[in-house]
Amino acid sequence: MPRLAALFFALLLAVAAAAPARAVDDAVFAAALKGLAVEGFAEKTAAADALAATGDPRALPVLRAMAAGNLYVRKADDAPVLGERAGRDLALTDPVSGADLGTAASRDLTKITVNNVLRTALAAIIGRLEIADPDPARRRAAVESIARDSTPEAAGVLRAALEHEADPGVRTLMERALARMSLASPDAAVRLAAVESLAGGELSPQVRALVAPLAESDADARVRDAARDLVERIELRLMIVDITLNLFQGLSLGSVLLLAAIGLAITFGVMGVINMAHGEMIMLGAYTAFVVQEAFRAFLPDGVFGLYLIVSIPAAFLVAGAVGVALERGIIRFLYGRPLETLLATWGISLMLQQVVRSIFGAPNKEVANPAWMTGAWEALPGLVLTWNRVAIIVFALAVLAAVALALRYTAFGLQMRAVTQNRSMAAGMGIRTGWVDALTFGLGSGIAGVAGVALSQVGNVSPNLGQAYIVDSFMVVVFGGVGSLWGVLAGAMSLGIVNKILEPYAGAMLGKILVLVFIILFIQKRPRGLFALKGRAAEA
Amino acid sequence: MSMKALGLRGLALGGAFAAALTAGIAQAAEPIKIGVLHSLSGTMAISETTLKDTILMMVDDLNKKGGLLGRKVEAVVVDPASNWPLFAEKARELLQKEKVAAVFGCWTSVSRKSVLPVFEELNGMLFYPVQYEGEESSRNVFYTGAAPNQQAIPAVEYLMSPDGGEVKRWVLAGTDYVYPRTTNKILEAFLISKGVPKDDIMVNYTPFGHSDWQTIVADIKRFASAGKKTAVVSTINGDANVPFYKELANQGIKATDIPVVAFSVGEEELAGIDTSNLVGHLAAWNYFMSVDTAENDAFIKQWHAFIKDTKRVTNDPMEAHYIGFKMWTQAVQQAGTTDVDAVRQAMYGQKVRSPSGYDIVMNTNHHLSKPVMIGEIQADGQFEIVSKTDAAIKADAWSPFIPESAKLTADWTFPWVCGNCTEPKFAK
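Residue numbers (the working numbering), protein chains in the order written: chain A, 1 to 541; chain B, 1 to 428.
You may find that some hints are simply not true.
Below 20 Å or equal to it, Euclidean Cα-Cα: the simulated SDA-like pairs (lysine to any residue) are [stated by the list, open to error]:
{"#": "1", "chain 1": "B", "residue 1": "K228", "chain 2": "A", "residue 2": "V231"}
{"#": "2", "chain 1": "B", "residue 1": "K301", "chain 2": "A", "residue 2": "S106"}
{"#": "3", "chain 1": "B", "residue 1": "K229", "chain 2": "A", "residue 2": "T151"}
{"#": "4", "chain 1": "B", "residue 1": "K388", "chain 2": "B", "residue 2": "V279"}
{"#": "5", "chain 1": "B", "residue 1": "K99", "chain 2": "B", "residue 2": "A335"}
{"#": "6", "chain 1": "B", "residue 1": "K229", "chain 2": "A", "residue 2": "Y506"}
{"#": "7", "chain 1": "A", "residue 1": "K513", "chain 2": "B", "residue 2": "Y205"}
{"#": "8", "chain 1": "A", "residue 1": "K111", "chain 2": "B", "residue 2": "T293"}
{"#": "9", "chain 1": "A", "residue 1": "K111", "chain 2": "B", "residue 2": "D297"}
{"#": "10", "chain 1": "A", "residue 1": "K111", "chain 2": "B", "residue 2": "K97"}
These are calculated hints, taken from the structure and not from any lab test.
Because the structure is a prediction, the values reported are computed rather than measured.
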């Protein structure tokens, strides 16, 4: 007998658990579903509310599909259907029976359009349905979307859900959300508790905006003090975050400049060629990344797509390096010692390269996707958002610089290169084929520019004009840092990046750039050889 | 049958014969030349090359249908290479050397300003297909893109409405040149007239091709954290958009938090961006490729057949060229000549059924009446239309929100005959 009672009790529990999501009559559900296909976003919101209110478990997938823009009306019979992209067509599912309805062309369907406001409202409705979801991550998201609208109903839903919540993380999230909603409570004790609860949480500007009015003019002195205290703490925190963020942004801009300039530090800095086609080497590298990406998309499974960037790096080095060697052998070697003609010739080459790329790939921008591991951001501290692609580029720029420095210092080619640039005739006398060393040096500089192009394709445009955007900055960095010095390039790029980013919030992007240019002009007047001037005979030549 | 009737018939016959004869002569006559003045190299090639192809497509189509006034039409394509002074030189070459009947060209306002004196001096006819800042009406230019009241103002009104999220705080971000500066001046005046306090408007300008958006996006985030619904109105132009949107996506700014409405970002610009993280950001135009009309299907089909690539997109300036070219051919047919003064008279009131599915009319201020559409970016790089006007809206050449220009009228017909007058030239 006790066993039977237990069984009965368990059954009762199961029914109770399933109660909020009991299935309603198909006709009622279908009618509520039809309601979604109305004109006007306010009407659609009301219809979505009504659908959720049926309490039917089938409503949730429909609402999710609607929010994602996957809910359609079939033109033939006006029936709402769920559609998933399947190649050129859409694979349809019946939301009532869950049956597979085959595929249809998108012109046979009318999409139930959603906009930002409706999407937000849907997120809140879905949130209410998902607040009892077994997955804590879902519940967490649900709390966040419910908390966005601060209506009494939303507070009620949260309070009810808090009763059953077991996960401590989700609990605190709910408590904070409730605290935020009760800041306007007429009861001073409730307000004080709310402020104190918020003080234990995330010190974000959003919280400051909510609490600031209380700190200004709350009727109760204790609430006012607590709020003022909280606002001060948030402001201190935000200041620290701001400074760190500024520094990071400076480093990140600096590393972009560094990448663009390392190649030039070799072709211009070491060889003394005023290479106006340097930007186009960067561009070639970016296009190589695009071609490699397309090849990966076409021939390799999706799983390894993220690796295309790794493959692009050596490919871009080879492509840009080969073009560089060809340029040196074909044109530039005849112009050594005539800087003006070199400048004009390389400028012409840069225009030709641009037009060649434009003819092959077309004028519009090409999309080079960030691999999944480079998208998004890392929130190091609340409010301190470091985007992954920027972090990756900082690391990559330093790695390239280290590789170049090591190659110049420790390889036989590096030794020959330094020998040729320091004293050409002596090096030739020692049996070094100076012509080949020149070609390979130019190739190395160009190849590194190509590698930079791969990285820069991750933060900016890939278009035939890509190089133009970087050529001036590259020269600026090399001249400022000191012609011929790799450390100069590092110091030059980083200081220009940081100075630029410190100036930008105060002076604006436009004026900031101008100020930096003026600063460089003045600096060059004082130290014509840049930050790190080379010493010795080569520097005097 | 009386003699008179016979005579009449004879006359009619003779007339028909003569007409056939002149038609025969005309067939052998020189083709009608039109100029295409779009940059095919340099910064603007990214946008303008497509417009050159659009005109070539229209010419091709017209010639297949028998040409114009019994003559073939020939497009003379020149490349001003995104170089503003070169635009003026090439325009002179087209008008004086090639003697073209009309020119289709320019994208940036600065290129238009550069060719304007040439067209006015030589009495040419320019069709300008891009949305712009207004505050202009030249006798020698027909503006087939949107004026601010056909794009910027309706977009801001949408965001202010309940459907748009009742935005209270505004960031006006633009590239630093004439179009964004003038548009933002108009928008600021408009917002203030709607009771938005000055503190709730943030204006920011960046150089052409700006690529490092970290600080500005962080600033926007900070500005938006004041507890009021915030939106960004972007007049950022050209290449700078790709890094801007990449930065938005990476910093996790969703359209449901801070929507960005752009006036220079269309299907063509989105082709270079992965849009899966940008769903919900907006753009305002007079045409979207996603418009569901039979006219648009035909337009897209024609484009794909001409360019031999079904992946290519169509966009608003292309549609503007489509409308402009059709209007010009209709006006030439009506005038019976390609003479600029005659065609100009015939242009007024000219009506074309556009791919957007509306009857587009040319007004006497040289601007069009066009519908306004607001679209949200979708994951496939297309726009979903979330709001559109019921009827076409007439362009204001002069904005009523700028006090100096509110007084001005543009009307090139009697009694005004003026592009910027406070009173008619031929009163009484």
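Hint check:
1. B:K228 with A:V231: holds (18 Å)
2. B:K301 with A:S106: holds (16 Å)
3. B:K229 with A:T151: The hint holds at about 16 Å.
4. B:K388 with B:V279: OK: B:K388 and B:V279 at ~19 Å, within 20 Å.
5. B:K99 with B:A335: Answer holds: B:K99 to B:A335 is near 18 Å, not above 20 Å.
6. B:K229 with A:Y506: Answer violated: B:K229 to A:Y506 is near 25 Å, above 20 Å.
7. A:K513 with B:Y205: holds (12 Å)
8. A:K111 with B:T293: Holds - the C-alpha atoms of B:T293 and A:K111 are around 15 Å apart, at most 20 Å.
9. A:K111 with B:D297: The given pair, whose Cα atoms are some 17 Å apart, holds under the 20 Å limit.
10. A:K111 with B:K97: This hinted pair is violated, its Cα atoms lying about 53 Å apart.
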